[in-house]
Amino acid sequence: MFPRSFDYLAPESLDDALSMLAEHGEDAKVLAGGQSLIPLMKLRFAAPDYIIDINRITGLGSVHENGSLSVGALVRTHDIERSELIRRRYPAMAAAAPLISDPLVRNLGTVVGSLCHADPQGDWASVMLAMNADIVCRNGAAERRIPVSEFVQGPFTTTLDPTEIATEVDIPDPGADTFGTYMKLERKVGDFASVGVAVHLSFDGRKVERAGIGLTAVGPANIKATEAEQLLAGAELDGGTIARAADLCAEAADPHSDLRGSADYKRAMVRVFVSRALNAAAAGKAA
Amino acid sequence: MANKTISVTVNGGSKTSEVEPRRLLVHWIREALGLTGTHVGCDTSSCGACTVLLDGTPVKSCTMFAVQADGRRVTTVEGLQQDGKLHPIQEGFKEEHGLQCGFCTPGMMLMGAALLEENPDPSEDDVRWAISGNLCRCTGYQNIVKSVQWAAKRAASEQPGAHA
Ligand SMILES: Cc1cc2nc3c(=O)[nH]c(=O)nc-3n(C[C@H](O)[C@H](O)[C@H](O)COP(=O)(O)OP(=O)(O)OC[C@H]3O[C@@H](n4cnc5c(N)ncnc54)[C@H](O)[C@@H]3O)c2cc1C
Ligand code: FES
Ligand code: FES
Numbered sequence: 032m033f034p035r036s037f038d039y040l041a042p043e044s045l046d047d048a049l050s051m052l053a054e055h056g057e058d059a060k061v062l063a064g065g066q067s068l069i070p071l072m073k074l075r076f077a078a079p080d081y082i083i084d085i086n087r088i089t090g091l092g093s094v095h096e097n098g099s100l101s102v103g104a105l106v107r108t109h110d111i112e113r114s115e116l117i118r119r120r121y122p123a124m125a126a127a128a129p130l131i132s133d134p135l136v137r138n139l140g141t142v143v144g145s146l147c148h149a150d151p152q153g154d155w156a157s158v159m160l161a162m163n164a165d166i167v168c169r170n171g172a173a174e175r176r177i178p179v180s181e182f183v184q185g186p187f188t189t190t191l192d193p194t195e196i197a198t199e200v201d202i203p204d205p206g207a208d209t210f211g212t213y214m215k216l217e218r219k220v221g222d223f224a225s226v227g228v229a230v231h232l233s234f235d236g237r238k239v240e241r242a243g244i245g246l247t248a249v250g251p252a253n254i255k256a257t258e259a260e261q262l263l264a265g266a267e268l269d270g271g272t273i274a275r276a277a278d279l280c281a282e283a284a285d286p287h288s289d290l291r292g293s294a295d296y297k298r299a300m301v302r303v304f305v306s307r308a309l310n311a312a313a314a315g316k317a318a
Numbered sequence: 028m029a030n031k032t033i034s035v036t037v038n039g040g041s042k043t044s045e046v047e048p049r050r051l052l053v054h055w056i057r058e059a060l061g062l063t064g065t066h067v068g069c070d071t072s073s074c075g076a077c078t079v080l081l082d083g084t085p086v087k088s089c090t091m092f093a094v095q096a097d098g099r100r101v102t103t104v105e106g107l108q109q110d111g112k113l114h115p116i117q118e119g120f121k122e123e124h125g126l127q128c129g130f131c132t133p134g135m136m137l138m139g140a141a142l143l144e145e146n147p148d149p150s151e152d153d154v155r156w157a158i159s160g161n162l163c164r165c166t167g168y169q170n171i172v173k174s175v176q177w178a179a180k181r182a183a184s185e186q187p188g189a190h191a
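Chains as they are written, first to last, in this note's numbering: chain S, 32 to 318; chain X, 28 to 191.
These aren't lab readings, by the way, just hints derived from the structure by calculation.
By construction, the Cβ of each residue, glycine as well, lies at the ideal position given by its N, Cα and C atoms.
Please note that a few of the clues may not be correct.
[Said to hold, decoys possible] Across the chosen pairs, the derived CB separations fall in these ranges:
| # | chain 1 | residue 1 | chain 2 | residue 2 | range |
| --- | --- | --- | --- | --- | --- |
| 1 | X | SER184 | S | SER288 | 53 to 59 Å |
| 2 | X | SER184 | S | VAL220 | 30 to 36 Å |
| 3 | X | LYS121 | S | ARG176 | 52 to 58 Å |
| 4 | X | TRP156 | S | THR89 | 29 to 35 Å |
| 5 | S | ALA173 | X | LYS121 | 57 to 63 Å |
| 6 | S | ARG176 | X | HIS124 | 26 to 32 Å |
| 7 | X | LYS121 | S | ALA317 | 53 to 59 Å |
| 8 | X | ARG100 | S | GLU57 | 53 to 59 Å |
| 9 | X | PRO187 | S | THR190 | 56 to 62 Å |
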């Protein structure tokens with residue numbers, strides 16, 4: 032399969048990339064890992080006139096903490112999978128990374144690219160919703176921050192302007208006492224989620240201080256389960272609270288029946304995953 | 028739509044050619060370079076038959092443009108043997124009957140070789156995890172796993188100072 036012809040631009044600085052985008056805007060596409068864009072181009076669902084390959088730009092490939100966690104636009108899912116810092120401090124990210132696609136795709140696919148692609152079956156957006164992350168974007172010299180909850184609008188749609196480049200995703204400090212996980216039901220390794228659930232909790236003693244829950248593949252975009260988050264904030268994780276939170280998440284889900292399962296089944300799996308995650312968090316507290 | 032001139036180090040030798048930007052890396056490797064060991068299985072990014080190493084990292088060459096490889100190092104299955112001597116992974120596939128039709132084999136061997144670079148003594152789980160993006164329709168994977176582990180043992184015994 033051949034994509035339609037295009038001009039290939041490989042800027043070596045972010046400023047050059049931004050001026051190319053300013054010039055070509057709607058006719059151009061940014062290429063990061065290419066693991067979503069290239070398949071779409073081969074099927075001619077995407078047919079840009081210009082490809083702006085950002086892989087030669089230095090300074091976009093780092094994961095570092097400085098009050099918050101910054102994950103640059105060229106950080107691959109594989110980098111997250113291997114990061115000691117992520118394993119220690121950001122368990123929801125550490126749990127999600129190895130469940131995303133397959134090792135070959137993870138070697139190239141980026142976290143930020145996944146967010147920009149905004150596939151409702153994409154896993155990273157749920158994790159970032161749970162962690163209240165922001166996307167940082169540049170447009171010429173102007174920079175803005177967009178909470179992931181406002182960034183993702185619907186299937187394959189974000190609030191990113193065609194002349195903007197997302198330079199990083201910025202994740203708030205989870206605090207010292209945290210719990211996080213990602214649970215994914217998939218038919219086989221490398222498949223997209225039938226259902227995915229990201230849970231991130233920050234504790235103050237036995238009480239949940241902040242709760243974040245993101246749901247994958249059960250709606251037109253990844254869903255932030257705000258009602259369950261509000262219920263959990265300030266609460267202790269007893270059986271009743273866990274059951275109510277799991278019910279609220281199942282209600283927040285808006286799944287469709289398809290090859291991967293019926294809507295009822297998917298909704299039930301949201302309930303199961305949320306309750307498993309919260310029970311694991313409660314068991315961790317009791318230990 | 029302007030063509031680009033690219034220079035890529037393929038299996039240790041420098042290759043320069045002019046390519047259309049939309050040309051996929053796998054087609055450049057197979058058609059421009061004549062290295063047909065890299066296979067096209069699904070052409071939809073799902074099977075791993077087109078696996079090559081890009082600066083040592085396994086990638087799907089059907090999901091990458093040749094222009095992206097400009098200035099970089101590509102290893103295909105043809106590059107595994109050195110000076111007429113088979114790579115331990117190639118011997119492993121021979122000894123343990125790691126292939127039947129052979130279609131997935133170049134990808135499997137490159138995944139195995141890349142794994143051994145990082146992890147010289149992989150467990151069965153490690154091997155299965157590493158090849159989880161590569162599909163085989165014939166073997167049931169059992170002998171592929173054994174082949175990679177055979178290669179790990181062989182490579183260890185070839186280390187200077189190792190006890191055979
Ligand atoms: C076989 C297969 C299985 C997969 N399975 C899963 C899975 O289970 N779960 C999952 O979540 N994903 C899955 N994916 C998708 C994969 O994770 C992608 O790599 C990811 O969604 C996109 O990241 P990328 O860096 O490859 O982006 P690209 O393909 O390069 O880009 C995707 C889109 O985002 C835009 N974009 C990228 N980066 C930027 C930026 N910095 N600024 C502005 N725009 C940008 C591009 O213009 C394009 O529109 C799978 C892919 C394949 C091929
Ligand atoms: S041919 Fe590239 S993944 Fe199947
Ligand atoms: S040996 Fe035939 S596909 Fe693997």
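- Task: Check each numbered hint against the structure and report the violated ones by number, ascending.
- Result: Violated hints: 6, 8; rest satisfied.
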